[in-house]
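A.B. asks: Protein chains in written order, with this note's numbering: chain A, 1 to 332; chain B, 1 to 695.
These are computed hints drawn from the structure, not numbers from a lab. Check each hint, because a few of them may be wrong.
[What the hints assert, rightly or not] Across the chosen pairs, the derived CB separations fall in these ranges:
1. A:Asp291 <-> B:Leu32: 41 to 49 Å
2. B:Phe687 <-> A:Asp291: 52 to 60 Å
3. B:Met1 <-> A:Arg244: 36 to 44 Å
4. A:Asn30 <-> B:Met680: 37 to 45 Å
5. B:His693 <-> A:Asp291: 24 to 32 Å
6. B:Phe687 <-> A:Ile233: 33 to 41 Å
7. B:Ala14 <-> A:Glu204: 52 to 60 Å
8. B:Ala14 <-> A:Ile28: 53 to 61 Å
9. A:Ala269 <-> B:Ala14: 53 to 61 Å
10. A:Glu204 <-> B:Phe687: 23 to 31 Å
11. B:His693 <-> A:Ile233: 51 to 59 Å
12. B:Phe687 <-> A:Arg244: 30 to 38 Å
13. B:His693 <-> A:Ala269: 32 to 40 Å
14. B:Phe687 <-> A:Arg265: 39 to 47 Å
[Unchecked claim] Here are some chain A residues pointing at chain B (derived, C-beta under 10 Å):
15. Glu60
16. Tyr61
17. Arg62
18. Leu202
19. Glu206
20. Asp229
21. Glu232
22. Leu237
23. Tyr263
[What the hints assert, rightly or not] Calculated from the model, a selection of chain A residues having no Cβ within reach of chain B, i.e. all distances over 10 Å:
24. Thr37
25. Asp74
26. Ala108
27. His155
28. Gln161
29. Gln210
30. Arg216
31. Glu251
32. Tyr253
33. Gln273
34. Gly282
35. Ser303
36. Gln306
Note that this is a predicted model, so its numbers are computed, not measured. Each residue gets a CB set at the ideal place from its N, CA and C atoms; glycine is no exception.
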Amino acid sequence: MPEREQSQTPATAERQRWFIDPTAIMQIKNLTLRAKTIVEGFTAGLHRSPLHGFSVEFAEYRPYVVGDDPRNLDWKLLARTDRYYVKQYEDETNRRCYLAVDQSRSMAYGNGQYTKAQYAQTLAATLAYYLNMHRDAVGVMTCGNTAPEFLPPRHRTGHLQQIMRLLGNESAGVDSNLAGSLSQLAGLSRRRGLVVLISDLLTEPESLFQPLGYLRGRGHQVLIMRVLDRSEIDLQLEKSTMLRDMESGKEIYVDPEAARKDYQRRFEAHREQLVDICHRRGARMFTVTIDQPLDVALLELISTTQRMASGGAGGRTTASGSQRNSSAAGSS
Amino acid sequence: MGLLAPLYALAALAIAGPIIFHLIRRQPQGQLQFSSLMFLTPSPPRLTRRSRLDNLWLLLLRVLAILLIAVAFARPYLRQDSFLSSALGGRRIVVLLDTSGSMQRADVWAGAKDAVDRLLDSLSPQDQVALYTIDSELSTLLAIDDTGASDGAATQQATRTALQSLKPTWNRTALGDGLKSIADLINSAVISGKIDPTAQNEVVLITDLHSGCQLETLQGFPWPETIQLDVRHVLPAIPGNARVSLMQAAEDEPDEAEATFRVRVENDSDSKEQNLRLAWANSSGPAAEGATTIQVPAGQVRVVPMSARPPRTDRIVLAGDAWDADNAAFVADPITAVERIVYCGSQPSKPEDDLAYFLEQAPLGTELVRREIIRIKSEELEVLLSEPETKGVVLEPSTDVIRHTESLKRFARSGGVVIVCLSREADDAAQVADWLGELLDVIDMKIDEAPQREFALLSRIDFQHPIFAPLSDPRFNDFGKLRFWSHRNVTYPSESPLQVVAEFDDSTPFLLERKLDTGRIWLLSAGWQPTASGLALSSKFIPIMMGMLDPNGRTRKKQLIHEVGAKFDVSELGDLRVTDSQGQPLDAAQYILADSTLRILTPGLFWLEGGQTRRQVAIQLPASECRLTPLDVAQFEQYGVTLGKVESDAQRRESLRQLQVTELESKQRLWQWLITACIMVLALETFVAGWLHRR
Numbered sequence: 001m002p003e004r005e006q007s008q009t010p011a012t013a014e015r016q017r018w019f020i021d022p023t024a025i026m027q028i029k030n031l032t033l034r035a036k037t038i039v040e041g042f043t044a045g046l047h048r049s050p051l052h053g054f055s056v057e058f059a060e061y062r063p064y065v066v067g068d069d070p071r072n073l074d075w076k077l078l079a080r081t082d083r084y085y086v087k088q089y090e091d092e093t094n095r096r097c098y099l100a101v102d103q104s105r106s107m108a109y110g111n112g113q114y115t116k117a118q119y120a121q122t123l124a125a126t127l128a129y130y131l132n133m134h135r136d137a138v139g140v141m142t143c144g145n146t147a148p149e150f151l152p153p154r155h156r157t158g159h160l161q162q163i164m165r166l167l168g169n170e171s172a173g174v175d176s177n178l179a180g181s182l183s184q185l186a187g188l189s190r191r192r193g194l195v196v197l198i199s200d201l202l203t204e205p206e207s208l209f210q211p212l213g214y215l216r217g218r219g220h221q222v223l224i225m226r227v228l229d230r231s232e233i234d235l236q237l238e239k240s241t242m243l244r245d246m247e248s249g250k251e252i253y254v255d256p257e258a259a260r261k262d263y264q265r266r267f268e269a270h271r272e273q274l275v276d277i278c279h280r281r282g283a284r285m286f287t288v289t290i291d292q293p294l295d296v297a298l299l300e301l302i303s304t305t306q307r308m309a310s311g312g313a314g315g316r317t318t319a320s321g322s323q324r325n326s327s328a329a330g331s332s
Numbered sequence: 001m002g003l004l005a006p007l008y009a010l011a012a013l014a015i016a017g018p019i020i021f022h023l024i025r026r027q028p029q030g031q032l033q034f035s036s037l038m039f040l041t042p043s044p045p046r047l048t049r050r051s052r053l054d055n056l057w058l059l060l061l062r063v064l065a066i067l068l069i070a071v072a073f074a075r076p077y078l079r080q081d082s083f084l085s086s087a088l089g090g091r092r093i094v095v096l097l098d099t100s101g102s103m104q105r106a107d108v109w110a111g112a113k114d115a116v117d118r119l120l121d122s123l124s125p126q127d128q129v130a131l132y133t134i135d136s137e138l139s140t141l142l143a144i145d146d147t148g149a150s151d152g153a154a155t156q157q158a159t160r161t162a163l164q165s166l167k168p169t170w171n172r173t174a175l176g177d178g179l180k181s182i183a184d185l186i187n188s189a190v191i192s193g194k195i196d197p198t199a200q201n202e203v204v205l206i207t208d209l210h211s212g213c214q215l216e217t218l219q220g221f222p223w224p225e226t227i228q229l230d231v232r233h234v235l236p237a238i239p240g241n242a243r244v245s246l247m248q249a250a251e252d253e254p255d256e257a258e259a260t261f262r263v264r265v266e267n268d269s270d271s272k273e274q275n276l277r278l279a280w281a282n283s284s285g286p287a288a289e290g291a292t293t294i295q296v297p298a299g300q301v302r303v304v305p306m307s308a309r310p311p312r313t314d315r316i317v318l319a320g321d322a323w324d325a326d327n328a329a330f331v332a333d334p335i336t337a338v339e340r341i342v343y344c345g346s347q348p349s350k351p352e353d354d355l356a357y358f359l360e361q362a363p364l365g366t367e368l369v370r371r372e373i374i375r376i377k378s379e380e381l382e383v384l385l386s387e388p389e390t391k392g393v394v395l396e397p398s399t400d401v402i403r404h405t406e407s408l409k410r411f412a413r414s415g416g417v418v419i420v421c422l423s424r425e426a427d428d429a430a431q432v433a434d435w436l437g438e439l440l441d442v443i444d445m446k447i448d449e450a451p452q453r454e455f456a457l458l459s460r461i462d463f464q465h466p467i468f469a470p471l472s473d474p475r476f477n478d479f480g481k482l483r484f485w486s487h488r489n490v491t492y493p494s495e496s497p498l499q500v501v502a503e504f505d506d507s508t509p510f511l512l513e514r515k516l517d518t519g520r521i522w523l524l525s526a527g528w529q530p531t532a533s534g535l536a537l538s539s540k541f542i543p544i545m546m547g548m549l550d551p552n553g554r555t556r557k558k559q560l561i562h563e564v565g566a567k568f569d570v571s572e573l574g575d576l577r578v579t580d581s582q583g584q585p586l587d588a589a590q591y592i593l594a595d596s597t598l599r600i601l602t603p604g605l606f607w608l609e610g611g612q613t614r615r616q617v618a619i620q621l622p623a624s625e626c627r628l629t630p631l632d633v634a635q636f637e638q639y640g641v642t643l644g645k646v647e648s649d650a651q652r653r654e655s656l657r658q659l660q661v662t663e664l665e666s667k668q669r670l671w672q673w674l675i676t677a678c679i680m681v682l683a684l685e686t687f688v689a690g691w692l693h694r695r
């Protein structure tokens, strides 16, 4: 299983021209409509993607063994070759997906047109919409709040609207107690599934080690989508100024020319620490800057789930039978 | 190159502003929110550049703009010597010097002379000077008419010479009248062509300008606008003055010899001293006894009774104030004449029935005349009537008196007063009537007793007559309470020399007057004793008796205290000789005798002698010369006088130069170019600043 951070490949950059400009997307006020626009735009251009195949489709033939249901025999093949083969399909199951959205104060930082929090909100809404469209049960938990809100994963009529409403709430976040929220999520999610954490991860990496272990211990697949502003990566400030920490309120004077090198070094060290912890805990981390199209993140999600499925981890199950869209097959 | 308003060049100091602002490093403005500072360390601003000037070119442009504005406001001009020429015309200065009594203060007079000297020093040789003095009247020393023909320097020298011998007088100040006269003199000289009408006329008044200067007379006077008044106010070294004036002796004093004196002490509002001493004194100095100390705060008045007058003192002196010359209040002793009033009549034992008793009680004397009442028998009458001291006779008709008819008529013709009082019912009325007819030159005169009734009143009184004229005022002319219980009816032919002065309500006369040359014979048809009437106990008794005894007395009263320079009549003194209180003859320059009137020009006590008469007069400093609170010069403007300042020659030249420079500058108008340059510099500065900001 490729437990590593995936950076943007040249092929992705080529595709990016076909994606929707996030600035334009952010102009849409309605969160549901925003998510729908992204997902439909994404699926409309899917034929250009080499990654088709995440659906119920033929996988392979397997020799019939005693005990198999004779209904699954490929009768046409038997008629042609007189061999007993059972046709196997790659069938999707109803996946449980937990979207953990960081709403701490540091997420309120943005490039001016929209903030990381708004980007993360849209991203979560997009994922929820997409997963809901594919009959997966989606749950949402907000992190970094004094009172984290949790919506358990379901797939029923109206659930998506509840998710959108929860995500659309303007919440005044406080200090990013991400570790506590993740531990809480581990306690609340009794059934395994996919945990997608959308956060800037501007916290001590070591504090994430334990909660990630809890989640993994529960059998969850963990995908971390790290949302950052580009100026946070390379300290792109115009002039010397007084900077105020959005979470602690602390103020320091920074001359960006002088501080940039040191900042980048420390930022890189922090990122490496995160990668290391994710690697040790079997989580996957993906960094997205908020000027990138949201489709990229969606593509990453699909790619990750596909890889997870193909790697036999977590939610990948196979079920034989002729029904392509069997929803009653045993899930995790 | 010069500057018309060089003080504006100080605005160039404002360049310190931009320099300071450029030295101040701009502090980081505002804050920037950042998601997390966990990767940042503080990088403090580098302080090494704090004292360095930022944006030097911008600073230079701003400094240049300020300098250009400052120089433009200072109104620069380029010198052109040919344009700046100074040719000044002569002026006419009329010096009006106050020589009134208040200028006797030594420091004030010295200050006034200094002021004239300073004025003359500051004039140019072309300026012509006329000199006048003002006290109670305007005096000419150097007439304005003469200046037209004279050289300026000569008039100035003549002024200096005249000033040497000039001394202040003791007269009051009639400053308003003096200024009016000066203005009229200048106008008439200009109109008559005696002086150049184009020359500038300026009046310089040198005075101590106190509250007694009588400026009120300028009210309504149209002061010529072409004449400017320059007031040089001379003030004494010590401000404030107190004065003392004698008040009338109390009228209720029982004995004139013991009369106490009361003085009124006033202290000026600007006075610094309030502890004053009063003492009796004579020409040699204050008396040892009787001195008293009083407190008179500034601006207040005290009336102080003086102690008994010590012998050989003739004035009350005040000490302790700033100026001593006005501190004596002279007490002129009147020469009291003694007049004898002879009473010849019945002498009852009871006082209420006695006419003479009430005459003795009545204060019939005056300040100048002391009247003695003596009771005589009829046989003494002849002798006493011939004595000069006997001025009046009061008679009750009796057989003994009747014999002296001729003597009485003679006495009356020589100026004596005879009062015949029919106080009682006569035993032989016909005899009395005949005698009275003979005395009064009336034929067929009859006297009989009036019918008995409760009382009679006076009904017709001639208030035009000198006896009743003082009682004609509505406050005093009520005779309704004056009742007569008995009186005699006197009848006489209508063609008679008698004049009825008052009548009873039954139309019979009460008081008849018979004039004989300068004397009088009065006939009273009722007595004043309380058994006959209420007259003796009435308040009207003394005025009526005084009127009868001294019908011309009111015109004879002599004033004893005069102001310096006031005219008073000395016609009764034939060959006049004026001596001071020591008996030394007065210098002829100190008094003026003309047309039987005398003016004495110095304060003090003086004796006037002429023929057999000798009397004393006190000459006081005018009260207006003692009220020395300085006035504000602006008072003149309230009366419409145009105030100005006579400029010295140097100041005039400077003013002329300033005028020429102003004209030169207004022609060149360099400031406009400087302002234009400044606008251009500011535009450039705006451009540079914008460029630097965008960079």
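A.B. asks: Against each hint, give a clear statement of whether it holds in the structure.
C.D. replies: Here's how the hints hold up against the structure:
1. A:Asp291 <-> B:Leu32: 41 to 49 Å: Once the Cβ atoms are compared, 19 Å apart, the range 41 to 49 Å for B:Leu32 and A:Asp291 is violated.
2. B:Phe687 <-> A:Asp291: 52 to 60 Å: For B:Phe687 and A:Asp291 the Cβ distance comes to about 37 Å; the hint is violated.
3. B:Met1 <-> A:Arg244: 36 to 44 Å: violated, 58 Å
4. A:Asn30 <-> B:Met680: 37 to 45 Å: violated, 58 Å
5. B:His693 <-> A:Asp291: 24 to 32 Å: holds, 28 Å
6. B:Phe687 <-> A:Ile233: 33 to 41 Å: holds, 39 Å
7. B:Ala14 <-> A:Glu204: 52 to 60 Å: Because 57 Å falls inside the window, the suggested range holds.
8. B:Ala14 <-> A:Ile28: 53 to 61 Å: Holds - the Cβ-Cβ distance for B:Ala14 and A:Ile28, about 57 Å, lies within 53 to 61 Å.
9. A:Ala269 <-> B:Ala14: 53 to 61 Å: The hint (53 to 61 Å, Cβ to Cβ) holds, given that A:Ala269 and B:Ala14 are roughly 55 Å apart.
10. A:Glu204 <-> B:Phe687: 23 to 31 Å: violated, 53 Å
11. B:His693 <-> A:Ile233: 51 to 59 Å: violated, 29 Å
12. B:Phe687 <-> A:Arg244: 30 to 38 Å: holds, 36 Å
13. B:His693 <-> A:Ala269: 32 to 40 Å: About 38 Å separates the Cβ atoms of B:His693 and A:Ala269, which means 32 to 40 Å holds.
14. B:Phe687 <-> A:Arg265: 39 to 47 Å: holds, 43 Å
15. Glu60: violated, 49 Å
16. Tyr61: violated, 54 Å
17. Arg62: violated, 53 Å
18. Leu202: This interface hint holds because 4 Å falls under the 10 Å limit.
19. Glu206: violated, 13 Å
20. Asp229: Status holds, d = 7 Å.
21. Glu232: With a minimum Cβ separation of about 6 Å from chain B (threshold 10 Å), the hint on A:Glu232 holds.
22. Leu237: With a minimum Cβ separation of about 7 Å from chain B (threshold 10 Å), the hint on A:Leu237 holds.
23. Tyr263: Where the cut-off is 10 Å and the nearest Cβ of chain B is about 5 Å from A:Tyr263, the hint holds.
24. Thr37: holds, 27 Å
25. Asp74: Fine: 58 Å to the nearest Cβ keeps A:Asp74 off the interface.
26. Ala108: violated, 8 Å
27. His155: Correct as stated: the minimum Cβ-Cβ distance to chain B is 35 Å, above 10 Å.
28. Gln161: holds, 31 Å
29. Gln210: Non-interface label on A:Gln210 holds, nearest chain B Cβ at 20 Å vs cutoff 10 Å.
30. Arg216: Nearest chain B Cβ is 26 Å from A:Arg216, so the label holds.
31. Glu251: violated, 7 Å
32. Tyr253: violated, 6 Å
33. Gln273: Given that every Cβ of chain B is farther than 10 Å from that of A:Gln273, nearest at about 12 Å, it holds.
34. Gly282: Label holds. Min Cβ-Cβ 26 Å, cutoff 10 Å.
35. Ser303: Since the minimum Cβ distance to chain B is about 28 Å, A:Ser303 lies beyond 10 Å and the statement holds.
36. Gln306: Its Cβ never comes within 10 Å of chain B, the nearest being 32 Å, so this holds.
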